[in-house]
Amino acid sequence: MIARQKDEDAIREKRWIESEKARLEARRKEIEKEAGMNMSKPDAVEDSGQPATEEPLPFVPEPFAPTAPAVEEPAPLTPLSTPSIPEGPAAPSPFAPMPPDSGLPPLPGGGAAPSPFAPLPPL
Numbered sequence: 000m001i002a003r004q005k006d007e008d009a010i011r012e013k014r015w016i017e018s019e020k021a022r023l024e025a026r027r028k029e030i031e032k033e034a035g036m037n038m039s040k041p042d043a044v045e046d047s048g049q050p051a052t053e054e055p056l057p058f059v060p061e062p063f064a065p066t067a068p069a070v071e072e073p074a075p076l077t078p079l080s081t082p083s084i085p086e087g088p089a090a091p092s093p094f095a096p097m098p099p100d101s102g103l104p105p106l107p108g109g110g111a112a113p114s115p116f117a118p119l120p121p122l
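For what it's worth, numbering that gives the first Met the number 0 labels the leading residue of the sequence shown as 0, then goes sequentially.
Do not take every clue at face value.
Keeping only pairs whose Cα atoms sit at most 27 Å apart, straight-line, the calculated DSSO-like set for lysine-lysine is [said to hold, decoys possible]:
{"no.": "1", "residue 1": "K20", "residue 2": "K32"}
{"no.": "2", "residue 1": "K5", "residue 2": "K20"}
{"no.": "3", "residue 1": "K28", "residue 2": "K13"}
Have a look at the derived ranges for each label pair, beta carbon to beta carbon [stated by the list, open to error]:
{"no.": "4", "residue 1": "E31", "residue 2": "D6", "range": "36 to 44 Å"}
{"no.": "5", "residue 1": "K13", "residue 2": "L56", "range": "42 to 50 Å"}
{"no.": "6", "residue 1": "P118", "residue 2": "T77", "range": "52 to 60 Å"}
{"no.": "7", "residue 1": "A34", "residue 2": "R14", "range": "24 to 32 Å"}
{"no.": "8", "residue 1": "R11", "residue 2": "P60", "range": "55 to 63 Å"}
{"no.": "9", "residue 1": "E71", "residue 2": "S92", "range": "40 to 48 Å"}
{"no.": "10", "residue 1": "E53", "residue 2": "E19", "range": "29 to 37 Å"}
{"no.": "11", "residue 1": "A95", "residue 2": "P73", "range": "42 to 50 Å"}
{"no.": "12", "residue 1": "L79", "residue 2": "P120", "range": "49 to 57 Å"}
{"no.": "13", "residue 1": "P60", "residue 2": "I10", "range": "53 to 61 Å"}
{"no.": "14", "residue 1": "E31", "residue 2": "E54", "range": "23 to 31 Å"}
{"no.": "15", "residue 1": "L103", "residue 2": "P75", "range": "49 to 57 Å"}
{"no.": "16", "residue 1": "P78", "residue 2": "S114", "range": "46 to 54 Å"}
These are calculated hints, taken from the structure and not from any lab test. Each residue gets a CB set at the ideal place from its N, CA and C atoms; glycine is no exception.
Turn these sequences into a full structure, and let the hints guide you.
Set out below in structure tokens:
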């Protein structure tokens, strides 16, 4: 019984391999048809006029020699005219004056009562 099963398995395996080869060949032909190319002749030389070589030529980059740009003499700098800013107590302040009661806490050391807590020790 086991020998017969081994023979049937071998026959099934052989049939499966043959059907897979046929399926792959049909798929290859279908792909070639879609792509419009003939892959059945891998050694075919394209009609480019150049003889086929066994090994492709290695890539050799062009030599590169950096060139320095021409140095132009810069034009002399001329100072811009600046408007004169009056200085002194008569000069107006660029900031708006603060209202006397703005609701902000007083600045430190600005007449506020001393803190009831002991100062922190230094680190």
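Status of the hints after comparison with the structure:
1. K20 - K32: holds (18 Å)
2. K5 - K20: Holds. K5 to K20 sits at ~23 Å (cutoff 27 Å).
3. K28 - K13: Since the Cα atoms of K28 and K13 sit roughly 23 Å apart, the hinted pair holds (cutoff 27 Å).
4. E31 - D6: 36 to 44 Å: Since the Cβ atoms of E31 and D6 sit about 38 Å apart, the hinted range of 36 to 44 Å holds.
5. K13 - L56: 42 to 50 Å: holds (46 Å)
6. P118 - T77: 52 to 60 Å: Given a distance of about 57 Å, which is inside 52 to 60 Å, the answer is holds.
7. A34 - R14: 24 to 32 Å: About 31 Å separates the Cβ atoms of A34 and R14, which means 24 to 32 Å holds.
8. R11 - P60: 55 to 63 Å: Check passed, 57 Å falls within 55 to 63 Å.
9. E71 - S92: 40 to 48 Å: holds (46 Å)
10. E53 - E19: 29 to 37 Å: holds (33 Å)
11. A95 - P73: 42 to 50 Å: Holds, at about 43 Å.
12. L79 - P120: 49 to 57 Å: holds (55 Å)
13. P60 - I10: 53 to 61 Å: Once the Cβ atoms are compared, 59 Å apart, the range 53 to 61 Å for I10 and P60 holds.
14. E31 - E54: 23 to 31 Å: Cβ of E31 to Cβ of E54: about 27 Å, so the range 23 to 31 Å holds.
15. L103 - P75: 49 to 57 Å: With Cβ atoms ~51 Å apart, the hint holds.
16. P78 - S114: 46 to 54 Å: Once the Cβ atoms are compared, 53 Å apart, the range 46 to 54 Å for S114 and P78 holds.
Consistency with the previously given hints is maintained throughout, with no hint failing.
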